[in-house]
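Start from the sequences and build out the full structure, keeping to the hints where you can.
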Amino acid sequence: MHWGGTEESRQDSSSCDFLPGVNMPALDAPEERLRKFKYWGKDASVRRQQRVAASLELRKAKKDEQSLKRRNIGPLSSDVASEVPATRVSLTLDEIIKGVNSLDPTLCFLATQAARKMLSQERNPPLKVMVEAGLIPRLVELLKPPVPPHLQFEAAWALTNIASGTSEQTRAVVEGGAIPPLTELLSSPHATVCEQAVWALGNIAGDGPEFRDLVISGGAIPHLLALLSSAIPITFLRNVTWTLSNLCRNKNPYPSQAAVRQVLPALTHLLCHHDSEVLSDTCWALSYLTDGHNERIGQVVDTGVLPRLVELMAGSELSVLSPALRTVGNIVTGTDQQTQKALDAGMLQALPQLLRHPKSSVQKEATWALSNVAAGPPHHIQQLIASDILPALVALLKSAEFKVQKEAVWTVANFTTGASVEQLFQLVHAGVLGPLMDLLTVPDVRIVVIILDVVACVLQAAEKVREKASLCLLLEELGGVDRIEALQLHENRQISRSALSIIEKHFSEEEEEAISFSLWSPECSCVRIFENPPRCEAPRPGRRL
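According to this note's numbering, the residues represented by the sequence shown are 4 to 548, in order.
Since the hints were made in silico from the structure, they are not lab data.
Some hints here could point you the wrong way.
[To be verified] Heads up, simulated DSSO-like pairs for lysine-lysine below, C-alpha to C-alpha not over 30 Å straight-line:
| id | residue 1 | residue 2 |
| --- | --- | --- |
| 1 | Lys401 | Lys508 |
| 2 | Lys467 | Lys406 |
| 3 | Lys254 | Lys406 |
| 4 | Lys120 | Lys147 |
| 5 | Lys120 | Lys131 |
| 6 | Lys131 | Lys147 |
| 7 | Lys508 | Lys467 |
See the structure below:
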């Protein structure tokens with residue numbers, strides 16, 4: 004996906020003062036699904052490879068969320084305009100190739116500018132043609148001193164747009180030797196030359212981990228951080244932030260620990276900025292850094308950014324809300340201690356409005372985050388209950404888009420396998436069983452298996468505290484027994500076996516007699532509180548990644 008600057012964006016002179024002292028101007032088997040949870044198995048890297056292989060939609064990086072590369076289609080900036088020859092000519096491709104290689108400074112500039120303009124076309128820019136014409140080595144030479152800044156700017160702009168293309172075209176820029184001179188231009192006294200170099204390096208780093216690491220090893224990070232401590236326009240700051248986010252992006256391998264340690268303090272400061280684009284790219288950077296092992300999550304948590312992330316989650320700006328939610332969601336896939344810090348920061352207070360958000364993508368992401376809180380110990384589940392989130396969860400189960408309903412089912416499954424019996428009864432009394440019974444008719448085999456597991460777990464817990472009679476009656480009234488009986492004939496063996504097991508254990512003729520007796524028994528009550536309630540004995544799935 005290409006993105007281009009506009010003349011208005013380049014002329015923006017908004018100010019920012021976010022840094023102290025700085026004035027900046029302008030699979031049917033249960034074990035298969037259990038492997039998608041956080042604590043299943045011993046090797047975290049294997050678990051994450053399995054997660055990637057499963058292609059969970061929430062974990063896919065979407066190009067419409069944050070651009071990997073951006074093409075500059077904006078006009079020439081003003082600080083080098085006075086040095087530009089006034090003559091305007093129209094050149095053919097052959098004339099451009101000859102002119103770029105000319106020793107005549109004026110002709111070289113005009114040809115380079117013409118090449119840049121062709122590469123800045125909104126539709127079908129001739130990136131491939133320019134690469135095949137062999138222009139990249141010459142454009143790289145034009146980045147180096149003593150080339151005048153207006154010519155460096157045009158060459159950098161042309162290379163920026165070539166690097167915004169395919170991986171093959173980006174590789175041609177890298178192999179043409181562009182990274183070292185572009186890194187040197189980060190120290191240029193001419194702001195627009197420097198900004199264009201930032202943009203070009205951002206495109207190169209956004210291609211993947213190989214080129215990202217080349218940009219990092221070339222020494223770009225200290226230069227970028229130095230720019231944050233200087234007076235730069237807001238449009239320039241946006242480009243620096245976006246480039247830093249691309250240096251945090253991608254894994255296999257992740258960015259080096261040294262690079263992360265360099266970048267994190269700057270991201271922490273940028274998170275306090277007022278500009279939505281700066282905030283968005285900063286949050287995306289943090290989301291990339293938390294999409295890893297617990298140690299990497301811990302690096303981000305230890306910076307103290309969680310309260311600010313939760314604050315941004317509660318905002319109205321979707322471009323900021325989404326990556327902030329993603330980052331917090333990543334953090335609660337970590338240890339119980341890391342999850343507790345997210346809860347202490349007010350995560351659960353921000354979730355209800357996100358579960359009711361008009362965009363289903365936000366609902367889905369919020370429900371995924373909630374499912375990982377529900378996978379925690381009982382005191383996490385109790386905090387979830389105390390936050391009055393259950394009504395919103397039940398509403399999603401009833402009427403949300405199916406992709407959101409699936410996440411809500413996972414949340415219930417996690418809750419069920421980790422909760423005390425008292426907490427389970429609170430879940431049941433919130434009305435969760437009705438929509439779960441309705442979802443037994445969906446064609447998604449995995450979801451049906453999960454729901455049957457939930458039913459079996461709740462019945463097992465109720466039986467231990469002699470409340471099964473009431474629960475069985477409730478399931479009967481909700482039409483659940485009829486649906487479970489029908490699933491005994493399902494073509495999927497896992498579903499049919501699970502349904503048969505539930506019917507035989509809890510709804511056979513012998514069980515009905517026992518239920519009939521208990522309903523007449525004076526000891527029977529629909530709700531009871533227990534001082535030391537037993538826990539469901541189903542295997543604990545843990546958190547999903």
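Hint by hint, here is what the structure shows:
Restraint check for Lys401 and Lys508: satisfied, since their Cα atoms lie roughly 28 Å apart, inside the 30 Å limit. With a C-alpha separation of about 34 Å, the suggested pair Lys467 and Lys406 falls outside the 30 Å cut-off, and the hint is violated. A C-alpha spacing of about 26 Å is found between Lys254 and Lys406, which places the hinted pair at or below 30 Å, so the restraint holds. Note on Lys120 and Lys147: the hinted pairing holds, with a Cα-Cα distance of about 21 Å set against a maximum of 30 Å.
With a C-alpha separation of about 15 Å, the suggested pairing of Lys120 with Lys131 holds against the 30 Å cut-off. As the CA atoms of Lys131 and Lys147 are separated by approximately 24 Å, the hinted pair is consistent with the 30 Å bound. This hinted pair checks out: Lys508 and Lys467 have alpha carbons roughly 13 Å apart, not beyond 30 Å.
Going down the numbered hints, you'll see the structure goes against just number 2.
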